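Under the working numbering, think of the first position of the first sequence as 6, with each following residue one higher.
Treat the hints as calculated values from the structure; they're not laboratory data. On a predicted model such as this, the values are computed, not experimentally measured, just so you know. Don't be surprised by glycine CBs; every beta carbon is placed ideally from N, CA and C. Some clues are possibly wrong.
[Unchecked claim] In silico SDA-like pairs for lysine to any residue, Cα to Cα no more than 25 Å straight-line:
#1 22 with 78
#2 402 with 453
#3 291 with 6
#4 431 with 447
#5 99 with 88
#6 390 with 460
#7 349 with 240
#8 61 with 174
#9 287 with 270
#10 443 with 360
#11 349 with 413
#12 360 with 333
#13 390 with 291
#14 80 with 40
#15 99 with 128
#16 65 with 462
#17 134 with 116
#18 104 with 116
#19 87 with 69
#20 115 with 464
#21 360 with 328
#22 305 with 349
#23 430 with 409
#24 398 with 417
#25 80 with 333
#26 115 with 307
[As the list claims (entries may be wrong)] Okay, the calculated beta carbon distance ranges per label pair:
#27 80 with 17: 54 to 62 Å
#28 389 with 111: 34 to 42 Å
#29 410 with 447: 19 to 27 Å
#30 361 with 303: 35 to 43 Å
#31 308 with 67: 42 to 50 Å
#32 161 with 219: 45 to 53 Å
#33 444 with 7: 52 to 60 Å
#34 399 with 88: 54 to 62 Å
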Amino acid sequence: MSLYIYNTSSKDKEEFKPIDNNEVKIYSCGPTVYNVPHIGNLRAFVFADSLYRWLKYGEKYETKWVMNITDVDDKTIRDSQKEYPELSAEEALKKFTRKYEDAFFADLEKINIKKDSFIENPRATEYIKAMQDLTKDIYEQGFAKIVDGSVFFDVKKYTESNKYGVLLNLNLDNLKSGTRTLADEIEKENVQDFALWKGKKEGEPCWDFELDGQSLPGRPGWHIECSAMSSVLLGLPFDIHTGGIDLVFPHHENEIAQAQAGWNKKTANFWVHNEHLMVEGKKMSKSLGNFYVLQDLIDKGVDPEVIRFFFISNHYRAKINLSEDSLQNAENTLQKIRNQLAIKEGGSMSTEEKKQEFYQAMQDDLNTPVAFSVLFELLKGDYKKDEVEDFFKFAEKVFGVRFLPKNEQIPEKIQKIAQDRWQAKKDKNFELADDLRKKALEEGYEIRDTADSYEILPLKQ
RNA sequence: GGCGACGUGGCCAAGUGGUAAGGCAGGGGCCUGCAAAGCCUUUAUCGGCGGUUCGAUUCCGCCCGUCGCCUCCA
6 MSLYIYNTSS KDKEEFKPID NNEVKIYSCG PTVYNVPHIG NLRAFVFADS LYRWLKYGEK
66 YETKWVMNIT DVDDKTIRDS QKEYPELSAE EALKKFTRKY EDAFFADLEK INIKKDSFIE
126 NPRATEYIKA MQDLTKDIYE QGFAKIVDGS VFFDVKKYTE SNKYGVLLNL NLDNLKSGTR
186 TLADEIEKEN VQDFALWKGK KEGEPCWDFE LDGQSLPGRP GWHIECSAMS SVLLGLPFDI
246 HTGGIDLVFP HHENEIAQAQ AGWNKKTANF WVHNEHLMVE GKKMSKSLGN FYVLQDLIDK
306 GVDPEVIRFF FISNHYRAKI NLSEDSLQNA ENTLQKIRNQ LAIKEGGSMS TEEKKQEFYQ
366 AMQDDLNTPV AFSVLFELLK GDYKKDEVED FFKFAEKVFG VRFLPKNEQI PEKIQKIAQD
426 RWQAKKDKNF ELADDLRKKA LEEGYEIRDT ADSYEILPLK Q
């Protein structure tokens, strides 16, 4: 069975075939580095990582994965100037965004997204030339206009020869009436027009730009950043574009329009979007007080691996609700898998059938909830130990979560305690035995009795 | 107002036109000096009302509810 992926542009699962034989090119919208990523951002990145991992380890494709860093936009400019008023606009922006870029990669590391999975993490500020070139191409094709030093994409003109609304049904008239006035933004002729290039405002960082004989110092619009970076690094069209569901419109729709208008090119074959994370049943927001970043959860004693497991054990196109209960559930479940693997022995049945079931679940638009149910069946039945372990090693790669026991050397000190306790137990000195077990526990090791002996397990093994 | 998603046992979550996987939690039991782990066992008719059908949780219509997008957003 081949891989089927839900494509937002067709609203259906489609058979996935790479454009180039065995190589898959993926572009994921990365963070805007004006803050540390929140837990909802991380869900999107973990999803992209799991898709990448399945393509690489499950489907054995060569992969080229790009995730960009948006390091120039309204928010980064605004906040960098607030934070470093003493620096020049350019220096402030750079210092500010680098700080949060580092924080971003630190979080990725914690949640087990490896930096070397990416072939590139382009910074928007390092691709200004490509953005300007695309802007120029769109303008020369007649799909852009210059207004007060800025360049806008002319949606109305575009719709005369192209479809605007590839990813979702759009009614431009409705769109217009539903949009409120943006008094403090640059005047646009049509509300749905979007900026390709924003003219310089006093005190803001800017780049020189020459268009149609006019000097237009300024900075790129948000949507053009992704079009430029993806086309330079992957070429258009590439295979898969990922992002959160909120990016469908206008961001991704605009990416499609830009490449079409400027180069007459399709952007990506597959548009894949993950649903949102809810917190305690509500959309996460600062005003509701349910806004979490990774460190908040770590401070509460939640292991990042549990968070990753929680994300991955749910389907990526389903809303998930982060709560104390749901995290506890995830922790218990993960712990149970590890316990089961730790005590697994013998077995006579081949795992082949279950492997097939697992594979089929993943091939069906990454149906991870079913895939995990198959893993549980594998643990329950009388399957051959070495085959089960091998398969879980594979699952570890695919999901980026550890299932098998750590091969940790138990310190001699702990071994001594366990020995003493075993002796005390045999002597029926249960008080001492319990004390010693408690002592080991305080050192981070759990002593469990088995049929005729005992075993030592690192806590959180 | 326009577009869309979702509503399955206490919680989470699959799934199919022919009476519903899996996980967590809970109850009972086994094992155990105790504990932990483990093992066995136990709990649903799928938001509501109609329709199509021999038969619907699964298809269609309406209603109710939750959430999202249409404006920056993973």
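Which of the numbered hints are not met once you compare them with the structure shown? Violated hints: 1, 2, 3, 7, 8, 9, 10, 12, 13, 16, 17, 19, 21, 22, 23, 24, 25, 27, 31, 32 and 34; rest satisfied.
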